[in-house]
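These protein sequences, in sequence, are chains C and B.
Sequential numbering from 469 applies to the first sequence in the numbering used here.
Sequential numbering from 469 applies to the second sequence in the numbering used here.
None of these hints come from the bench; they were simulated from the model.
Computed from a predicted structure; not experimentally measured.
Some hints could be false.
A pair counts as met if it fits within one copy or between any two copies, since identical chains are not told apart.
[To be verified] List of simulated lysine-lysine pairs, BS3-like, C-alpha gap at most 27 Å:
(1) K589 <-> K528
(2) K528 <-> K509
(3) K509 <-> K519
(4) K589 <-> K519
Number of protein chains: 2
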Amino acid sequence: MGRWEPDARGRLERAALDLFSERGYDETIVADIAERAGLTKRTFFRYFPDKREVLFSGEKVLEELFTEGVRAAPASAAPLDAVAAGLENLAPLFEERRELVIQRQRIVVSNPELQERTLIKMASLTRAVAEALHRRGVGEPTASLTAEAGVSVFRVAFARWVDPANRPPLSDLMRESLEELRAVAAAR
Amino acid sequence: MGRWEPDARGRLERAALDLFSERGYDETIVADIAERAGLTKRTFFRYFPDKREVLFSGEKVLEELFTEGVRAAPASAAPLDAVAAGLENLAPLFEERRELVIQRQRIVVSNPELQERTLIKMASLTRAVAEALHRRGVGEPTASLTAEAGVSVFRVAFARWVDPANRPPLSDLMRESLEELRAVAAAR
Numbered sequence: 469m470g471r472w473e474p475d476a477r478g479r480l481e482r483a484a485l486d487l488f489s490e491r492g493y494d495e496t497i498v499a500d501i502a503e504r505a506g507l508t509k510r511t512f513f514r515y516f517p518d519k520r521e522v523l524f525s526g527e528k529v530l531e532e533l534f535t536e537g538v539r540a541a542p543a544s545a546a547p548l549d550a551v552a553a554g555l556e557n558l559a560p561l562f563e564e565r566r567e568l569v570i571q572r573q574r575i576v577v578s579n580p581e582l583q584e585r586t587l588i589k590m591a592s593l594t595r596a597v598a599e600a601l602h603r604r605g606v607g608e609p610t611a612s613l614t615a616e617a618g619v620s621v622f623r624v625a626f627a628r629w630v631d632p633a634n635r636p637p638l639s640d641l642m643r644e645s646l647e648e649l650r651a652v653a654a655a656r
Numbered sequence: 469m470g471r472w473e474p475d476a477r478g479r480l481e482r483a484a485l486d487l488f489s490e491r492g493y494d495e496t497i498v499a500d501i502a503e504r505a506g507l508t509k510r511t512f513f514r515y516f517p518d519k520r521e522v523l524f525s526g527e528k529v530l531e532e533l534f535t536e537g538v539r540a541a542p543a544s545a546a547p548l549d550a551v552a553a554g555l556e557n558l559a560p561l562f563e564e565r566r567e568l569v570i571q572r573q574r575i576v577v578s579n580p581e582l583q584e585r586t587l588i589k590m591a592s593l594t595r596a597v598a599e600a601l602h603r604r605g606v607g608e609p610t611a612s613l614t615a616e617a618g619v620s621v622f623r624v625a626f627a628r629w630v631d632p633a634n635r636p637p638l639s640d641l642m643r644e645s646l647e648e649l650r651a652v653a654a655a656r
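So here's chain C without its partners, still in its complex pose (with noise of 0.2 Å):
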């Protein structure tokens, strides 16, 4: 087997995601995922840290996109409108990987240690939108505010997508859910 294997990282997400979810998290290590990817455990560490950076290794990916999405807003555009340009941006990524994700959902939410997880990566993205809306000239607590109000759109339009109930793009929820925060917000 030489170094170079086609699509190795691929190849290992896939892996993991199957025994993790045939088998369970806890019940999966690491030897396992790179036999199931025809690849070995020193490749595996060449592309993850661990098990756990399989599921979540995506986040800087999504951090990446909405940050940029809020950076090339035109400069007139009021900080939410900057926020839901970000989220216009990182809509494709979900879309494409539409079964994959559901399925990383899934083991996400069936283990405490990994929600956890997620509170910590969120709670990362929303300062690194705060801080796109600093460069932007916003202050605080303005910026803040609105990149908590953002991640909030995100985290519940996303909850609705991949609900099997649900059809509609990613995009058109996180346009609703940003406008559906809009009506909350005027509603006295």
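Fit chain B to the known structure of chain C by using the hints.
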């Protein structure tokens, strides 16, 4: 030493906060806390399951005050106004204990494990507030979005309140943050 100790819980709490501040959270053990409070380890464990819960036992009270305020809001109140009533209801708890709360906050922000614990408690608080809104007849995703907005307002106002540069009461800071969120949501 008799079984009954006047204000044992309060003495243990102050002893723990002082030791965590002086020596560090990781460097303090339950025996140290009991000794500083002039009580036994056995007495400690009648009040708290471990040293971490000394810092988090107030979260249950916070949740009860928040949800009680939501519940008691007039039936005609819009969802976010019910949440605002919940926020008003918890402010006195913080004002009465300002010095202890600030001391506690310094300990929590200096320790990643305690920060993670805070995220978990905030997620649990969000679910409890959403559930209180469901009981008012608010559907989804409105209830979740409103609960997340309320907890965001609390978090942002609390961070300003513990900053020594800020002297306004927490209830004023929460009202300001809520108005700021309404302004953010209205701007296009």
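*asked:* As a check of your reading, is K589 near K519 (CA-CA no more than 27 Å) within one copy, between copies, both or neither?
replied: Both: 16 Å inside a chain and 26 Å across chains, each within 27 Å.
*Is the C-alpha distance from K509 to K519 at most 27 Å within one copy, between copies, in both cases, or in neither?*
For K509 and K519, the Cα distance is within 27 Å only inside one copy (11 Å; across copies 39 Å).
*Pop the pair K589 and K528 into one bin, within, between, both or neither, using alpha-carbon distances up to 27 Å.*
Close inside one copy (9 Å) and across copies (24 Å); limit 27 Å.
*Could you figure out if K528 and K509 sit no more than 27 Å apart (CA to CA) within one copy, between two copies, both or neither?*
within (23 Å within a copy, 45 Å between copies)
Hint violations for this structure: none, all hints satisfied.
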